[in-house]
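Undergrad: As a plain string of letters, each chain reads:
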Amino acid sequence: MPAVSKGDGMRGLAVFISDIRNCKSKEAEIKRINKELANIRSKFKGDKALDGYSKKKYVCKLLFIFLLGHDIDFGHMEAVNLLSSNKYTEKQIGYLFISVLVNSNSDLIRLINNGIKNDLASRNPTFMNLALHCIANVGSREMAEAFASQIPNILVAGDTMDSVKQSAALCLLRLNRMSPDLVPMGEWTARVVHLLNDQHLGVVTAATSLITNLAQKSPDDFKTAVSLAVARLSRIVTSASIDLQDYTYYFVAAPWLSVKLLRLLQCYPPPEDAALRSRLTECLETILNKAQEPPKSKKVQHSNAKNAILFEAISLIILHDSEPTLLVRACNQLGQFLQHRETNLRYLALESMCTLASSEFSHEAVKTHIDTVINALKTERDVSVRQRAVDLLYAMCDRSNAKQIVAEMLSYLETADYSIREEIVLKVAILAEKYAVDYTWYVDTILNLIRIAGDYVSEEVWYRVIQIVINRDEVQGYAAKTVFEALQAPACHENLVKVGGYILGEFGNLIAGDSRSSPLVQFNLLHSKFHLCSVPTRALLLSAYIKFINLFPEVKTTIQDVLRSDSQLRNADVELQQRAVEYLRLSCIASTDILATVLEEMPPFPERESSILAKLKKKKGPGHLPDIDDARRNVNGSTEHSENAEAPKTGSNHPFTDLMSVNSPPPVANSLLVDVFSDISTPAPVDVCEENFSRFVCKNNGVIFENQLLQIGLKSEYRQNLGRMYVFFGNKTSTQFLSFSSSVASQDSLKAHILSATCVLSPQLNVHAKTVDPIIEGGAQVQQILNIECVSDFTDAPVLTIQFRYGGALQNITVKLPVMLNKFFQPTEMTSQDFFQRWKQLGAPQQEVQKIFKAKHPMDSEVTKAKILGFGVALLDGVDPNPANFVGAGVIHTKSTQVGCLLRLEPNTQAEMYRLTLRTSRDSVSQRLCDLLSDQF
Amino acid sequence: MMRFLLLFSRQGKLRLQKWFTPMTEREKKKIIRDMTSMVLSRQPRSCNFLHWKDLKIIYKRYASLYFCLAIENQENELLALEVIHRYVELLDKYFGNVCELDIIFNFEKAYFILDEFLMGGEIQETSKQTVNRSIEASDMLQETMEEYMSKPAF
Numbered sequence: 001m002p003a004v005s006k007g008d009g010m011r012g013l014a015v016f017i018s019d020i021r022n023c024k025s026k027e028a029e030i031k032r033i034n035k036e037l038a039n040i041r042s043k044f045k046g047d048k049a050l051d052g053y054s055k056k057k058y059v060c061k062l063l064f065i066f067l068l069g070h071d072i073d074f075g076h077m078e079a080v081n082l083l084s085s086n087k088y089t090e091k092q093i094g095y096l097f098i099s100v101l102v103n104s105n106s107d108l109i110r111l112i113n114n115g116i117k118n119d120l121a122s123r124n125p126t127f128m129n130l131a132l133h134c135i136a137n138v139g140s141r142e143m144a145e146a147f148a149s150q151i152p153n154i155l156v157a158g159d160t161m162d163s164v165k166q167s168a169a170l171c172l173l174r175l176n177r178m179s180p181d182l183v184p185m186g187e188w189t190a191r192v193v194h195l196l197n198d199q200h201l202g203v204v205t206a207a208t209s210l211i212t213n214l215a216q217k218s219p220d221d222f223k224t225a226v227s228l229a230v231a232r233l234s235r236i237v238t239s240a241s242i243d244l245q246d247y248t249y250y251f252v253a254a255p256w257l258s259v260k261l262l263r264l265l266q267c268y269p270p271p272e273d274a275a276l277r278s279r280l281t282e283c284l285e286t287i288l289n290k291a292q293e294p295p296k297s298k299k300v301q302h303s304n305a306k307n308a309i310l311f312e313a314i315s316l317i318i319l320h321d322s323e324p325t326l327l328v329r330a331c332n333q334l335g336q337f338l339q340h341r342e343t344n345l346r347y348l349a350l351e352s353m354c355t356l357a358s359s360e361f362s363h364e365a366v367k368t369h370i371d372t373v374i375n376a377l378k379t380e381r382d383v384s385v386r387q388r389a390v391d392l393l394y395a396m397c398d399r400s401n402a403k404q405i406v407a408e409m410l411s412y413l414e415t416a417d418y419s420i421r422e423e424i425v426l427k428v429a430i431l432a433e434k435y436a437v438d439y440t441w442y443v444d445t446i447l448n449l450i451r452i453a454g455d456y457v458s459e460e461v462w463y464r465v466i467q468i469v470i471n472r473d474e475v476q477g478y479a480a481k482t483v484f485e486a487l488q489a490p491a492c493h494e495n496l497v498k499v500g501g502y503i504l505g506e507f508g509n510l511i512a513g514d515s516r517s518s519p520l521v522q523f524n525l526l527h528s529k530f531h532l533c534s535v536p537t538r539a540l541l542l543s544a545y546i547k548f549i550n551l552f553p554e555v556k557t558t559i560q561d562v563l564r565s566d567s568q569l570r571n572a573d574v575e576l577q578q579r580a581v582e583y584l585r586l587s588c589i590a591s592t593d594i595l596a597t598v599l600e601e602m603p604p605f606p607e608r609e610s611s612i613l614a615k616l617k618k619k620k621g622p623g624h625l626p627d628i629d630d631a632r633r634n635v636n637g638s639t640e641h642s643e644n645a646e647a648p649k650t651g652s653n654h655p656f657t658d659l660m661s662v663n664s665p666p667p668v669a670n671s672l673l674v675d676v677f678s679d680i681s682t683p684a685p686v687d688v689c690e691e692n693f694s695r696f697v698c699k700n701n702g703v704i705f706e707n708q709l710l711q712i713g714l715k716s717e718y719r720q721n722l723g724r725m726y727v728f729f730g731n732k733t734s735t736q737f738l739s740f741s742s743s744v745a746s747q748d749s750l751k752a753h754i755l756s757a758t759c760v761l762s763p764q765l766n767v768h769a770k771t772v773d774p775i776i777e778g779g780a781q782v783q784q785i786l787n788i789e790c791v792s793d794f795t796d797a798p799v800l801t802i803q804f805r806y807g808g809a810l811q812n813i814t815v816k817l818p819v820m821l822n823k824f825f826q827p828t829e830m831t832s833q834d835f836f837q838r839w840k841q842l843g844a845p846q847q848e849v850q851k852i853f854k855a856k857h858p859m860d861s862e863v864t865k866a867k868i869l870g871f872g873v874a875l876l877d878g879v880d881p882n883p884a885n886f887v888g889a890g891v892i893h894t895k896s897t898q899v900g901c902l903l904r905l906e907p908n909t910q911a912e913m914y915r916l917t918l919r920t921s922r923d924s925v926s927q928r929l930c931d932l933l934s935d936q937f
Numbered sequence: 001m002m003r004f005l006l007l008f009s010r011q012g013k014l015r016l017q018k019w020f021t022p023m024t025e026r027e028k029k030k031i032i033r034d035m036t037s038m039v040l041s042r043q044p045r046s047c048n049f050l051h052w053k054d055l056k057i058i059y060k061r062y063a064s065l066y067f068c069l070a071i072e073n074q075e076n077e078l079l080a081l082e083v084i085h086r087y088v089e090l091l092d093k094y095f096g097n098v099c100e101l102d103i104i105f106n107f108e109k110a111y112f113i114l115d116e117f118l119m120g121g122e123i124q125e126t127s128k129q130t131v132n133r134s135i136e137a138s139d140m141l142q143e144t145m146e147e148y149m150s151k152p153a154f
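These protein sequences, in sequence, are chains R and A. Going left to right, the first sequence walks through residues 1 to 937 as full-length UniProt numbering numbers them. Going left to right, the second sequence walks through residues 1 to 154 as full-length UniProt numbering numbers them.
Next up, chain A with everything else stripped away, as it sits in the complex (with noise of 0.2 Å):
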């Protein structure tokens, strides 16, 4: 099972948590620090495993940004990069070339794409289609760009 999943910045700023078990402020605040002072001091091309505690961090760094994600101890280190990668390709499909403004400005929108493909610390669609569709499907309940256009600014 997946334990948790943080986006950070290279400075250290955090941009996206997704928490698979209860967990108090405090600890996660400990392990924010823990993980970014970590994965940011690893040289590059250092591989992209390392122990902590009893779990298995997995982390890789795309543009600006680095995913990192925590794995229980007997789970499979090599898929849980591609679960990244499947994460980033889903991020790129929807907001088409992603970067790191897209989700400061739609956090909540990376967090719906997450759920859409991870739940309760497993997997739960593997099909880049399937996953996109929904997400799809649930734009279009919403409001179209000239509806956006005329909302208040505050």
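Extracted from the complex, chain R is given alone in its bound form (with noise of 0.2 Å):
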């Protein structure tokens, strides 16, 4: 029998719980469970009414076979009724049935509310706070909306306890995480921020973490919550610990209190207020201080909860990245964490120091902790903590140690675990060709990574390494020789033969004049290795084997022999048949400058972000991966960016594509120039359709005209201050349209005409077109190319006028053309410290453009995301305390000049509005992106 210690205890099930330990086997359990079951429900189905006392202790024990594992398919009824009984025990039973069983869309809810309502009006404190957990337990929308307006009033009301207070506050931060709409802001909101100042310390901690997830939400209503809660911090910090009498845990002071405070002004910049801010910076530093004491206890509870505020003021300081003293003290302390006996503390100060290495002031004092981290790599037993030696690594490298870096994670790699094996392989093709002077060194690091690891290098890591030397002359020579001589090694990764087929097909002949790597020595090297790759990997070597015959004619016979082969020309996979008929068939009978032209070397892939860091972001999720600071490491982070808008901008999204296929298509020849602000004689228009204008604000892809006879489809493709616009016209009829012609105005001139007066407009935008065949089939789909060129900022969208005739009658149409600003948009990665700076620097009120809305569709927040960096500009993560909010930044490229820009997009979900604000270096071109992007939510 166990020991009941105090207070009841239900016999019965004791005695269950008992029988349950004893089974000898799972099935012996299941019978015993299953006699229970028939029992229960049998008294359940009586028809002698239970009394509580057996309600309970049957509700108990169904509660504890659903946490045995098992389904539970009855009692709900039970458990709701014994919320109504008066006796506490019963209804507790009766509450925690329902919070453990009763999930967020049960039928039961209504039931179950009731109980609730009468509980919460009971006055009676114990049964107010089962009720406020039951609600804040099973988070179910329905009963949210019954008491998501009951509950500030309880917790701001002057007579309710303070314990009621608390889980009043828990219960609304609950409902406000769970269904924000259900909890709008009121005057309680002033009230709440004033718990910070309550006499209780428990409601005070309770009372922080409502006001933190709120002011997370709407920063600008508790803005006040930042003086009262520097105050509180401020006079825990300085107290005796004995002070707080129970809140003292370990000799520390309030540790909870303390971090809760700590994270909500993570909330909120630095307070501009100068007393303010001393007094914060005053409090930081005798944190720190604290750190150096000696310690008040031995006891691991005490360091523990001591270090945790010590890191919650460094996540501060680090986030405020604004006071270099701190910056450099908060370093130091991490420093000698590093090297502290506690693993624990170990593996902290490993993961805050990748912060604190993204920041400027502190990046050069992290790096002089490189060799204990090295070290931590090489002797740390936990895995867990080298995995954060790793990603400090890598968060510290840049140009003066990469080389150093690149080595340990290299060597560790022989031996680390197969868990993170792929992500330091990322890592390093990251940093190798980040920080490459000389791309030697990049080749050499990257073959020995497929040595070393070849069965975690990905796709991505082969392909880039391929891309970056066709880019690059100098170092194709280097890449054949070291690829060559990696293949002869006699077991070699098929990553690495890869790699080699690649690189030989394409620059073998820069090493072909060595006889000791002829041609025939490279295809028989390469073709040693074709019977023991897969499938992709020998289409792949047929390729190469092809380009060997446009490069050597003297293998030319060997190699056909090969092609010809049973093993090729019959092989059971369609595509190596397929590719060995066509090549075999290509070398027979193309002549030599055919083949040449059809095996020209590779164009140079356009530059992008490299493929493989987009691939460690989204393996390590955006929060992971330290924040690279632009300047200070050039990576264009728009990874997401392509899948939207701008796919078509970068080629095809997909490496393996961009291998196959040439890329950038041949610039225009022949183009009419046409200087759209110039004056030219246009056909007055009847009415210029911009119906689906808008549409293309956040995209530059669709069709932009439709009707019964022709429909108009536009591609388009951006860079810098230029663009490049396919327009197709497609004949919806069986009948030809003749006389087709296509051309682009500025809608200014157009006005210009219709008032017959001449208008000189500078040219702000200069759109090449070129001429389209004047007849179009029935059926058929006729392309023009359009080159633009964005002189400086502009308003207006040029058009397009279209005329045919089509069954002898002359049609018009004319379309505006999406060519707006935000199109010359270059996307800018910045830091919450640069943004802010660059706020205030653009705070002239002029500078400034201010729109608040009504969202015209749902406010979906993935959707919002997509159009704002369909927009152009780099979405910030982590810039604005609110996550809710957006922030962008960007580059509008012109010819004459650039004009930066940042933007930033409040949603609020309750009242459906937005607030757009728009801050640029000029005035016109603030008021025309608010005009653009406010159209679009």
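Accuracy of the hints is not assured; some may be wrong.
If we take Cβ atoms under 8 Å as the criterion, some of the chain A residues that face chain R in the derived model are [to be verified]:
| # | residue |
| --- | --- |
| 1 | 27 |
| 2 | 37 |
| 3 | 92 |
| 4 | 105 |
| 5 | 120 |
| 6 | 125 |
| 7 | 126 |
Source of the hints: derived by calculation from the structure; they are not laboratory data. These numbers come from a predicted model, not from an experiment. Just so you know, even glycine gets a beta-carbon here, dropped at the ideal spot from N, CA and C.
Join the two chains into one complex using the hints; note that each chain is given alone, in its own frame.
TA: Spelled out as structure tokens, the structure:
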């Protein structure tokens, strides 16, 4: 029999639990449970009304059975009945059953709500607490709807007991997390802030959690909390440890509250008010000082609580990133922890230093710890600590230490845990590329990577090395020589065969002069690996062979023999067979000239974000990757970007197709220069169709116009101040369009025509339009290319005027072309500090344009994100203290100038409104961008 | 915010589960499986923190029981360890030298104590005295030992 120490116990329950524990097998347990379920069911169904105690006992047994992992499909009703019992123990079990077993969309919610309602109205604090707990535990929408308006009142009412206030605050916090729309701000918000001054530290702790959450959503409403929090924090850190009585935890004054207050302060930038700011700095200094004092207790709890506050203070210091002395002190403190005997502290120090490494002020200070970190990588017993060391090395890497760090990571890779190898491979590949001064080092590093951890080298990594070799002439010969040597190894990884096949196929000629690597030797070397490789690699090798035929006519017959063999021509794999057949045929019938044209050297790949960086980001999630400072690290983080509107901008998105297809289309020759703002004769327009215009603000492709005869589709790509638009005219009829013409003009010049006055505007936008075929066959599509150059900022979009004859009638169509200022955006990543600095610099009233408007579409944050990215700016994470807001930055490129733009979008889901603020150095730009973007939500 | 708290034995038997956000039974089972296998396979004297998906897992072993607490990414790891410790202290105070059996046989009490201490994934009351007072107060509302012994044993 178990010891029932206190209070009640349900004897029947204890016996049942003993029985279950005595069961020798799973089957016996199930049998016993089924017996009990049958018993309970019969009791519940019996005619005799059960007394409260029995009901409680049976409900509790059901709960136990459920917690053992068995399904329970009855008893809910009885549990709900217990809520209305006036016996505390029965009520308590009823609530426990509900909070464990009733999920948020149960039909019982209405009945439960009734019980909760009664208990909230009971004025009995114990009952009220049970009810509030239940709301927080179940977290159902229906429950939230029923009580969300009532709880703030309970929280701020003068006569509410402290313990109920605590429950109410946390219950409200839970509701606000779950259904923020149901928790409207109101006059109670101001009174909640003042709970920070409450006498009862438990109330202050709960209230601080609530305020932090509310402040993240609407920082402006809770600004006053900053000074109160600083004051409270200051009182705590300077208090003697006994002042706070039971809120002192192992000689540390109110650690939970201190950490909560520091978290609250992390929602706001450093205080502007000098006195407040210095008081906060003092607090932080005191916390840092305390770390140096001898411990008041040897207990680990003491050091944990103390260091918890210290780490939270360091987080705040790093986030504010404004006090160089504090940053350096923080860094030194973490440096001490790096060598601490507590594994936990070493782990946390490595983690915190990662964020510290991205601040300009402390980057150098972090770098001084490189040897300790490398040592941690070698000696730590715990893989998760080593993982943090890898992260930190990655974060502290710059040009000065890249070679050392990459070498250390490579050597660690040989023994690294399998679980983290792929990530290390990605990191090494990224660092090697980013900090490569000479690319021979880069090539060596990647080949080493493949040698050491070939299985963990993902496609992105070897695609990338090929892209880089192709784009840099100076390294091609070296690359060919190195892969040739690496392939000599008797056993080499398939990834090496891929890289080798590709590089020798492209650049084998650069080493063919040496008799030791003559074409035939190269070919035999590659072909010796062929049979051990998978189908995709064999396919790649076949392509390398046909390139060999082009590069080295002397091995043509050897290769043709290989292609002709049955194992190729009759290969069961259709891809291999097809390649063999086609390559063989090509080599037989094509003249050398044609072969040389078909197999011309790959053109350079367009420069863009490394696909491996994107992969690492995806793998770790944005939060995990230390922020990489744009200025220092030169990474343009437009990962998500390419998925949305801008896919065509960088050509094809898939790296594989990139490798295989010729990329950028050749420049358009013979185009007709039309300066759209000059006076050109255009037939008087009917009316300009602009109904689809605004859809193109955040995207580049789609249908801009459609009627019964004609469909006009657009595909556009922009880079800096240049753009190219492909206009597709589709004839929807079965009859020819005759005398088809299409030309571009500015809207102003059209207006000018109507007013029959000549209008000379400064040419802000040039559009070169290529002429189109005058006939479009029925059902056919023709394409027109427009080359666009943005000379300076502009407002009006050009229009496209189309004329053609259909069945004798002359058709006139005029369409406003979606060429807007925002198309010339280049996204800019920046740290939160840079952002705020620039934001302040652009503080003149005419530089800011703000607009508050009603949402036209459902307020989905993912959609909003996609739209902002499509708009062309970089979306900056973690800049705005409120995660619901969006902050973006970009530069508009025009020929004459560049205009930096910052934007902030604050959704208010309750009111279904947005506030959009734009700051740029030019008022006309701010206004135009604001008009364009505000129309999108 | 804390997301969930699990107590399990060295054999991987789950003794207590508390979920602070709504989750389906399937998700719960998956998490329980992941946590037990991850935590039980850790070497002794490793650090007490793990990354798991977008959460931090803080675990600590007390006698035969593992306490495993999942917190969101920006939360403080060291303090989470002390949340676990404070809960152990509360159990200890209530049961007097708590052991695994106390939690098995009085699982509902373990939940009640937890509910006085944490709510909605946040700390509600950090004072040991205050929590104990309210637990004792509610015990006063319950039956005496004699009443207990006179109860039917089925």
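Undergrad: Could you work out which earlier hints the structure fails to respect and list their numbers in ascending sequence?
TA: Hints 1, 2 and 3 are the ones this structure does not satisfy, whereas the remaining hints hold.
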